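Trainee: Between the sequences and the hints, there should be enough to build the whole structure, so can you do that?
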Amino acid sequence: MSIRLPDGEGRLRTYEPRTEALAPHPAGGPLLSRTVFAAAHVVADPYADVSPDDPAAVDWDATLAFRRHLWAHGLGVAEAMDTSQRGMGLDWAGAAELIRRSAAEARAVGGRIACGAGTDQLTGPAALADVRAAYEEQLALVEESGARPVLMASRALARTATGPEDYLDVYGHLLRQAAGPVILHWLGPMFDPALEGYWGSGDPDAATEVFLEVIAARPDKVDGVKVSLLDAGREIALRRRLPDGVRCYTGDDFHYPELIAGDEHGSSDALLGVFDPLAPLAAGAVRVLDTGDAKGFRELLDPTVELARHLFRPPTRFYKTGVVLLAWLAGHQEHFVMVGGLQSARSLPHLARAYELADRLGLFPDPERAETRMKTLLALHGVSS
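Numbering follows the numbering used here, in which position 164 of the sequence shown is assigned residue number 164; successive positions increment by one, without gaps.
The hints are simulated quantities; they were obtained by calculation from the structure and are not laboratory data.
Treat the numbers as computed from the prediction; the structure is a model and nothing was measured.
Note that the Cβ used here is the ideal one computed from N, Cα and C, for glycine as well.
Hints should not be assumed to be uniformly reliable.
[Unchecked claim] Between beta-carbon pairs, the in silico distance windows are:
#1 Arg-240 x Pro-349: 38 to 46 angstroms
#2 Glu-136 x Gly-296: 41 to 49 angstroms
#3 Pro-52 x Leu-22: 31 to 39 angstroms
#4 Gly-10 x Gly-266: 42 to 50 angstroms
#5 Gly-8 x Ala-179: 44 to 52 angstroms
Mentor: Spelled out as C-alpha cells, the structure:
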C-alpha cells in the first residue's frame with residue numbers, strides 16, 4: 001500500500017505508510033514524577049447548520065470521550081485553553097458550558113482538571129474595572145466547578161493597560177480574591193499576536209520582572225506558572241527564580257523533552273497542546289521518567305519534536321488544525337470539521353506532512369484507517385490515490 005502526498009512544491013511523492021501499529025502504551029494510573037496536563041481540543045458538531053461567525057456547535061459526547069481518553073492515560077486535562085479554540089471559534093458562553101461539563105466528568109472519573117479563566121466576554125473597548133470584572137466572573141465559574149483555575153492572558157488587558165502597574169493591579173486583585181492557588185499563564189505573541197507587550201513591556205526581560213513581581217506578592221496563591229514563549233533558555237532562567245513551591249508548567253511545544261527532563265537545578269512540569277495528539281506516547285515516556293530513567297524518557301519523547309515543530313510552525317495559532325486532523329486520523333472523532341471552519345487554516349501539504357510524521361511515530365492505533373481517511377481528504381482536494 002502507498003499514498004501520494006503533496007510536497008508543497010506542486011509535486012506528488014509516494015509514501016509507504018506503516019502497516020502495523022506500534023505496541024500500544026497502556027493506560028494507567030496517575031503520573032508520579034511530573035504533573036502533566038494535556039490542553040484538549042473540542043470536537044465540532046458536523047451536522048450543525050452554522051457559519052464561522054455563529055456560536056460554536058460542539059459534539060459534547062465526542063468531546064468528553066476524548067477527555068476520558070486523556071485521563072485514562074494518567075494525564076490531566078487543561079480545559080478551555082487556546083487548544084480548544086478559545087477566542088478562535090469558541091466564545092465565553094461555549095467555554096463556560098465546556099468547563100461545566102468537563103469538570104463534572106472529571107469528578108465522575110477521578111480525573112485531574114484545570115480550566116482557563118479569561119476575559120473573552122469583552123469584545124469592545126473596556127476599562128480596567130471591566131477587565132477585573134470579566135476575570136472575576138470566569139474565575140468564579142471555574143472555582144464553582146471544582147477545577148484548578150488558569151488565569152489566562154487577556155487580550156482586553158493587553159489593549160487597556162498603560163504599563164506594568166496595571167498588570168500588577170489586576171493580577172494582584174485576582175490573587176487576593178482567589179479561593180485557592182491558581183496557575184498563571186504567560187502566552188507569547190507567537191500564539192496570539194494580540195498579546196504583544198504583555199506584562200507592560202515589549203522587552204521580554206522587563207516583562208519577566210513584572211511577572212515575577214506578581215508571583216512574589218502572593219506565592220501562596222500561585223500553584224504554578226504556564227510559560228508559552230517557545231524559548232527554553234528563558235523558561236529555565238525563570239524556573240530557577242520561582243519561589244519554593246511554585247511549579248513551572250512548560251508550554252513550550254518545541255523544547256518540552258529537555259524542559260521536562262530538567263537539569264541539576266530543577267525541572268518543568270507540563271501543560272502542553274502537543275500532548276493532545278501525543279497522549280499515550282507522552283504518558284508512557286513520563287512513566288519511564290517515574291523510574292528515574294531520564295535517558296529512556298528522552299529516547300521516547302525526543303523523536304516527537306519534529307512533529308511538534310511542524311504542527312506549531314508559524315502562524316503558530318493555527319496549530320489546532322493539525323491537532324484535530326490527527327485526532328480524526330487516530331479515530332478519536334468521525335470527521336475533520338472544526339468550530340469556526342478552522343479546518344481550512346492549514347494547507348494540504350502541511351496536513352500531509354503532519355500525517356506522515358505522525359505515522360512514522362506510530363501514533364495511529366489503526367494505520368489502515370488513518371491511511372484511508374487521509375486518502376479521502378486528499379481526494380476531496382483533487383489528489384487521486
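Trainee: If a hint holds in the structure, say so; if it does not, say that too.
Mentor: Right, here's what the structure says about each hint:
| no. | hint | result |
| --- | --- | --- |
| 1 | Arg-240 x Pro-349: 38 to 46 angstroms | holds, 41 angstroms |
| 2 | Glu-136 x Gly-296: 41 to 49 angstroms | holds, 45 angstroms |
| 3 | Pro-52 x Leu-22: 31 to 39 angstroms | holds, 37 angstroms |
| 4 | Gly-10 x Gly-266: 42 to 50 angstroms | holds, 48 angstroms |
| 5 | Gly-8 x Ala-179: 44 to 52 angstroms | holds, 50 angstroms |
Every hint from the earlier list agrees with this structure, and none is contradicted.
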